[in-house]
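Peer 1: Sequence:
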Amino acid sequence: MIIYKSKREIEKMNEAGTLLAECHKEIKKIIKPGISTLEIDTFVERFLKKNSASPEQKGYQGYPFATCASVNDVICHGFPNKKKLKSGDIVTIDMVVNLNGWLADSAWSYTVGDVSEKASHLLEVTEKSLYLGIEQAVIGNRIGDISHAIQQYAESEGLSVVREFIGHGIGRSMHEDPQVPHAGPKGTGPLLKEGMVLTIEPMLNTGKRYVKIDEDGWTARTFDGSLSTQYEHTLAITKDGPLILTAQ
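Residue numbers for the sequence shown follow full-length UniProt numbering, so the first one is 1 and each next one is one higher.
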């Protein structure tokens, strides 16, 4: 069941999204060789607490951290740890912020020091694919129009699109209808209507699209060890077009 949000409810979600975006801006300032993803996770938890918010995914189905920190071949849901990031790494920090009972969800990918041309191309294409998907998030289109735009562009750039993890509706709950795949035929899926709020969060790989899960039951990696990255925004469908609630 799709839960449509009122203008006032979208404003509340925008407040959560604005705080989340501010947190990402602060993360960008501290990511450098020598910092650990666990230190980043601690920073995020303190930042949210200072701003009267909380990390929604901490405790979700037993997940133990405030963020997901996915480095190099990790696609998503990576556990923050004490290993120091080094120059050449790429890392995606994903978080869901709860502010006064309303949620916002955004992942952003960062370079650590100097990275390879392959890594730079991956980040550039993944970010652009997100915005191409967002362009399709207008009243009267269908979810498949978002999916198709992302897949068509990513594959034209020689990258593969992960299928196992998808975008979703969001509001007072982290995962609501509709599901938002990042690959598939246009003109399919639920009709986009005013008041829908959803995430678009493409995950692209430099190698094959296939996934394997670590023994921790959470960390998803590329099956072939290739690089992966993700960009994600929460957005509302409005009569004036897509409104990005987590815009930086």
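Because the hints were derived from the structure by calculation, they are not lab data.
Heads up, a few of these hints could be off.
[Stated by the list, open to error] Derived Cβ-Cβ restraints for the label pairs, each shown as a range: (1) 1 x 117: 25 to 31 Å; (2) 52 x 188: 38 to 44 Å; (3) 213 x 193: 32 to 38 Å; (4) 188 x 7: 24 to 30 Å; (5) 217 x 4: 40 to 46 Å; (6) 193 x 172: 31 to 37 Å; (7) 29 x 128: 21 to 27 Å; (8) 215 x 139: 42 to 48 Å; (9) 113 x 4: 31 to 37 Å; (10) 113 x 38: 36 to 42 Å; (11) 118 x 8: 42 to 48 Å; (12) 32 x 138: 21 to 27 Å; (13) 34 x 4: 45 to 51 Å.
[Said to hold, decoys possible] Distance condition first, Cα-Cα at most 27 Å in a straight line; then the derived DSSO-like pairs of lysine-lysine: (14) 50 x 84; (15) 118 x 58; (16) 83 x 193; (17) 212 x 128; (18) 32 x 7; (19) 12 x 239; (20) 208 x 239; (21) 12 x 32; (22) 86 x 29.
If you're wondering where the values come from, they're calculated on a predicted model, not measured in any experiment.
Just so you know, even glycine gets a beta-carbon here, dropped at the ideal spot from N, CA and C.
Peer 1: Confirm or reject each hint.
Peer 2: Structure-based check of each hint:
A beta carbon spacing of about 45 Å between residue 1 and residue 117 contradicts the range 25 to 31 Å that was offered as a hint. The hinted range of 38 to 44 Å is satisfied by residue 52 and residue 188, whose Cβ atoms lie roughly 41 Å apart. As the Cβ distance of residue 213 to residue 193 is approximately 35 Å, the hint placing it in 32 to 38 Å holds. Look at residue 188 against residue 7: about 29 Å separates their beta carbons, and that is inside 24 to 30 Å.
Checked against the given bound of 40 to 46 Å, the beta carbons of residue 217 and residue 4, roughly 34 Å apart, lie outside it. Taking the beta carbon of each, residue 193 and residue 172 are about 19 Å apart, not inside 31 to 37 Å as hinted. Judged by the Cβ atoms, the range 21 to 27 Å given for residue 29 and residue 128 holds: they are separated by roughly 24 Å. Distance hint check for residue 215 and residue 139: the Cβ-Cβ separation is about 45 Å, which falls inside the suggested range of 42 to 48 Å.
Judged by the Cβ atoms, the range 31 to 37 Å given for residue 113 and residue 4 is violated: they are separated by roughly 45 Å. Remark: the range hint 36 to 42 Å for residue 113 to residue 38 is contradicted by a beta-carbon distance near 19 Å. The hint said 42 to 48 Å for the Cβ distance between residue 118 and residue 8, and at roughly 45 Å that hint holds. Against the hinted window of 21 to 27 Å, the Cβ-Cβ separation of residue 32 and residue 138 comes to about 39 Å, which falls outside the hint.
The given range of 45 to 51 Å is respected by residue 34 and residue 4, whose C-beta atoms sit roughly 46 Å from each other. Between the alpha carbons of residue 50 and residue 84 the distance comes to roughly 26 Å, so the proposed pair stays at or under 27 Å and holds. Annotation: proposed proximity of residue 118 to residue 58 is violated, straight-line Cα distance about 33 Å (limit 27 Å). This hinted pair does not check out: residue 83 and residue 193 have alpha carbons roughly 44 Å apart, beyond 27 Å.
Distance restraint check for residue 212 and residue 128: the Cα-Cα separation of roughly 26 Å lies within the 27 Å cut-off, and the hinted pair is therefore satisfied. Among the hinted pairs, residue 32 with residue 7 is inconsistent with the structure: their alpha-carbon atoms are about 39 Å apart, more than 27 Å. Taken as a hint, the residue 12 and residue 239 pair is honoured in the structure, with Cα atoms around 18 Å apart against an allowance of 27 Å. A threshold of 27 Å between alpha carbons decides the hint, and for residue 208 with residue 239 the separation of about 38 Å lies outside it, so the pair is violated.
Of the pairs offered as hints, the one joining residue 12 and residue 32 is violated, with about 33 Å between alpha carbons and a cut-off of 27 Å exceeded. This hinted pair checks out: residue 86 and residue 29 have alpha carbons roughly 16 Å apart, not beyond 27 Å.
Hint compliance for this structure: hints 1, 5, 6, 9, 10, 12, 15, 16, 18, 20 and 21 are not met, and every other hint is.
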